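**Q** Use the sequences and the hints to build the structure in full.
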Amino acid sequence: MKVPRHWRETPQRYRMEAGKCSKCGSIQFPGRVICPDCGATEMETVKLSGKGELASYTVIRVAPTGFTDLAPYAVGVVQLEEGMRVMGQVVDCDPDNLKIGDRLTTQFRRINEEGKTGMILYGFKFVPDLGL
Amino acid sequence: MVGIVGYGTHIPRSRIKVEEIAKVWGADAAAFKKGLNLNEKSVPAPDEDCATLSVNAARNAVKRAGIDPQDIGAVYVGSESHPYAVKPTGTIVSEALGACPYVHTADLEFACKAGTEGMYIALNLVKAGEMPYALAIGADTSQGAPGDALEYSAAAGAAAFIVGAEDLAAELVDTHCYMTDTPDFWRREHAHYPQHGGRFTGQPAYEKHVFGATNAILEKTNMKPEDFDYCIFHQPNGKFPVNAAKKLGFTEAQYKYGLLSPTLGNTYSGSSPMGLAATLDEAKPGELILLVSYGSGSGSDAFIFRATERLLEIRDKAPRVRKQLDEHKIYIEYGAYAKFRRKILKAD
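Taken in sequence, the protein lines are chains S and U. Numbering-wise (our numbering), the first sequence opens with residue 1 and increments by one. Numbering-wise (our numbering), the second sequence opens with residue 1 and increments by one.
Hints in this document: simulated from the structure, not taken from any laboratory. The model shown is predicted, which means the values in this text are computed figures rather than measured ones. Hints may contain errors.
To give an idea of the chain U side of the interface with chain S (calculated C-beta under 10 Å), a few residues [to be verified]:
1. H10
2. A51
3. V93
4. T251
5. P319
6. Q324
7. R342
Using N, Cα and C, we set each Cβ at its ideal position, and we do this for glycine too.
**A** This is how it looks when you write it as structure tokens:
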């Protein structure tokens, strides 16, 4: 039963909520209890823009269960405007035409579902930033 | 005074042409194009559903409204394709927007009218002074049975409206509803595709209710068709709304901006609300807009809005409907469409 885990990850998956260290200002995504940069324990919640540049990616051609209808698809590491790197699926594009440095933004999408009768998991995915 | 403080839409990028569907079923594409004024329709990606369309449209509405989502007191999602039979779409949308936990949400369903149903409730809650803002969404990933006439029109898209009492982009002038029990279209529990009454969906269903609501609101407000700058009638195809407009005494100049179905298809609960959004993309301050929805089963909600100066300030804070509809389209063939819409039986 993965329901509690999915539910716990809602703030980061649905709203891209990150933790910002109140002492040194570094941002962690997902948020942490202790700042890895300065060791402080006071963190505030900030919402990431979801916009950034493709830093690296790979193309998945043999997809795991629950992702087969989307294959081939890209999984990218994206350098966000806020400075940190975030990994996520890159959709609404031809994965063979992606280039490092492509401008991306996020949309709310269906990530996976637990079979035909189980829970549906939602969250952010990256798409080309075309102003749509 | 209450009205719209922000609006936003979302349209999936994939499209399928009428010719591509007709080819598979040995049908005459030209007849559909001419008879129903349909050319192509939007198709949701496999990872898009009513909840995702709603969230992406609502985020655009929040951008235009420029409000804190925590101030939204109610979220209503109108759809006939809610992802769960039991579990609200509204909580997914509210959570994704950051409107939880002090918010009232409900999922609405009334065939193609569920979107304006939410608008009607939201406007009246704000008017009653219950909350500063309420959000109403019409969203669908509509299903038409393979080979059925509906398959040429059933499309995907969403429109979201944040209503409030201050800083209005469009003021609500009046509303009127018209409902009867008319069995022209339905989908039974556990049925995958809807059934419809064919030609019965025309005059005794669509026309009777659209005309009934339009004539009632014109009489109530003592207005005439020529008093309006724009009109939007529900768009199950490209033919019904044009015929309705003409029979009611409206002209092409009034309906052309809101008419999206020839290249979008019928986005069901999103249909006439998306037409309103496209009209708000064009309207000038002081101009009057008539919106009349239609939902099978059957009923129509009529609204009159007046655009304000603020509409010009918020318009370009989110993408316009025509940009989402006309740019960066991805054309797919019937095979990919059948896969995307889960029309292919696969091993479990």
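**Q** Per the CB criterion, is V93 of chain U less than 10 Å away from chain S?
**A** Because about 9 Å separates V93 of chain U from the closest Cβ in chain S, which is inside the 10 Å limit, the hint holds.
**Q** Holds or violated: the hint that R342 of chain U contacts chain S, with Cβ atoms closer than 10 Å.
**A** 8 Å, holds
**Q** Is the hint on T251 of chain U kept, meaning its closest Cβ partner in chain S is under 10 Å away?
**A** Interface hint status for T251 of chain U: violated (31 Å vs cutoff 10 Å).
**Q** Can the hint on P319 of chain U be confirmed by a CB-to-CB distance to chain S that is less than 10 Å?
**A** 5 Å, holds
**Q** Does the interface hint hold: is Q324 of chain U within less than 10 Å of chain S, judged Cβ to Cβ?
**A** 5 Å, holds
**Q** Can A51 of chain U be said to touch chain S, with a Cβ gap under 10 Å?
**A** Interface hint status for A51 of chain U: holds (6 Å vs cutoff 10 Å).
**Q** H10 of chain U was flagged as interface toward chain S. Is the shortest Cβ-Cβ separation under 10 Å?
**A** 8 Å, holds
Checked against the numbered hints given earlier, the structure breaks only hint 4 and satisfies all the rest.
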